[in-house]
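*Asks:* Residue strings, one per chain:
Number of protein chains: 2
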Amino acid sequence: MASQTSLTEDLNRLAAARNRFTSELAKNVHLYNIKPSAGRLYGTVFFSEKPMTLDEMSREMEMSKTSMSTNIRELLQADMVEQVWEKGVRKDLYKTEDDWYKSFSNVFVTRWSEATEKNKKAICDTKTMLTELMEETEHEEIRERIGGDLSKLDEAEAYYQWLAEVVDLFESGEIFSIVPKKTSGNK
Amino acid sequence: MASQTSLTEDLNRLAAARNRFTSELAKNVHLYNIKPSAGRLYGTVFFSEKPMTLDEMSREMEMSKTSMSTNIRELLQADMVEQVWEKGVRKDLYKTEDDWYKSFSNVFVTRWSEATEKNKKAICDTKTMLTELMEETEHEEIRERIGGDLSKLDEAEAYYQWLAEVVDLFESGEIFSIVPKKTSGNK
DNA sequence: AAGTTCATTCAGAAAAAACTGTACAAAGAG
DNA sequence: CTCTTTGTACAGTTTTTTCTGAATGAACTT
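Keeping their order, the protein sequence lines are chains A and B. Heads up: the first sequence is residues 2 to 188, going by our numbering. Heads up: the second sequence is residues 2 to 188, going by our numbering.
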């Protein structure tokens, strides 16, 4: 008995469904400091039934292999994707980390703690520069401005101090005892 | 008695100190979905002794007034900057929100909850599309793939559900009872 | 060793984003 | 009402980012 529905038609619908998700993901990954095209690549690998080679990604995404290489490395560094080994397969194989808590929380923590550290450092440097100038200058108006700047920076510093502790909450996994992981519905 | 230090020299040092902070800020604000140049503008207004007009910003940053207008609106929408009124002044005046917890937490919450909502929506849509296809297709191989996709999406959905609750923690201010605000040193 | 098969490097092309000047409209002053 | 002053829209330019194909070299095969 022949099929009622066309296979290619159904494959198209499958692709369209997957694309709905992947496109949205691509639009939002910049918050994790990842480029849209790397986000699309993530989606592609995510839906793949088995680990993918660079050539397969290239064909699937209709983009150059060079881009696949570049983007997969970005995902690899962010720990969102991992390399897997299969006996007899020479090409590099990649799959996405199954655990979204791991992959996304991790990249979040990494990027934000970097940024927070750098900002704290910058505030510290600025304060040092200002304090030195404060001691050396003889112009009252300069001293006044420095005073104002220093107290503004204190406010900012306090915020970043707080933010650093918040990031720690995620890094240590303590956050999960406050907001528990959700177990996915049909497991 | 004449000054030992040159005024312009000291002003330069002041500017350099401020710039150390502003430049770093500009490099990192993309995590809040704000462009570097808007970040630099924020820094400029932040250090200003008094509220600034678009023309002043333009002069200070050596950029076009058009850009100031565009960027200040971005900051305004993110609630990082507010418009203030002074009697007799026709030009629009802007200052930064003093409370960094307010301005930065707020923009964080806004951008992340938007992103989370959109992703959750996308997952929901994708699941609907897949479920419909599941019911209508007659190809076993398609059904198998859909099955796999659905369980992968469950995992992702659980993560976003969790993330939404985390964002709520910030939105409600509950986070401050877990990680208390730091009071700035010399207040 | 010679010949493949890969991934990656690099320089240039293509695309996207940021920035600017002109033009215009709204609001205020005389 | 006319003449300024001020903010913004828009089109075009500049700058930055992303993408690609050819070249390279490493690793594997025979």
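Worth flagging that the hints you see were computed from the coordinates, not collected in a lab. Model, not experiment: these values are computed from the prediction. Where is the CB? At the ideal position from N, CA and C, for every residue including glycine. Worth double-checking, as some hints may not be accurate.
[What the hints assert, rightly or not] Quick list of in silico lysine to aspartate or glutamate cross-link-like pairs, EDC-like style, CA-CA up to 16 Å:
#	chain 1	residue 1	chain 2	residue 2
1	A	Lys51	B	Glu142
2	A	Lys182	B	Asp155
3	B	Lys51	A	Glu145
[As the list claims (entries may be wrong)] From chain A, some residues computed to sit far from chain B (all C-beta separations above 12 Å):
#	residue
4	Leu15
5	Asp93
6	Pro181
*Asks:* If a hint holds in the structure, say so; if it doesn't, say that too.
*Replies:* Evaluation of the provided hints:
1. For the given pair, Lys51/A sits about 14 Å from Glu142/B by alpha-carbon distance, which is consistent with the 16 Å threshold.
2. Note on Lys182/A and Asp155/B: the hinted pairing holds, with a Cα-Cα distance of about 13 Å set against a maximum of 16 Å.
3. For the given pair, Lys51/B sits about 13 Å from Glu145/A by alpha-carbon distance, which is consistent with the 16 Å threshold.
4. Under the 12 Å C-beta cut-off, the non-interface status given to Leu15/A relative to chain B is violated; the minimum distance is some 6 Å.
5. Every Cβ of chain B is farther than 12 Å from the Cβ of Asp93/A; the closest lies at roughly 22 Å, confirming the non-interface assignment.
6. The Cβ of Pro181/A sits about 8 Å from the closest Cβ of chain B, inside the 12 Å cut-off, so the non-interface label is violated.
Hint check: violations occur at hints 4 and 6; the rest are consistent with the structure.
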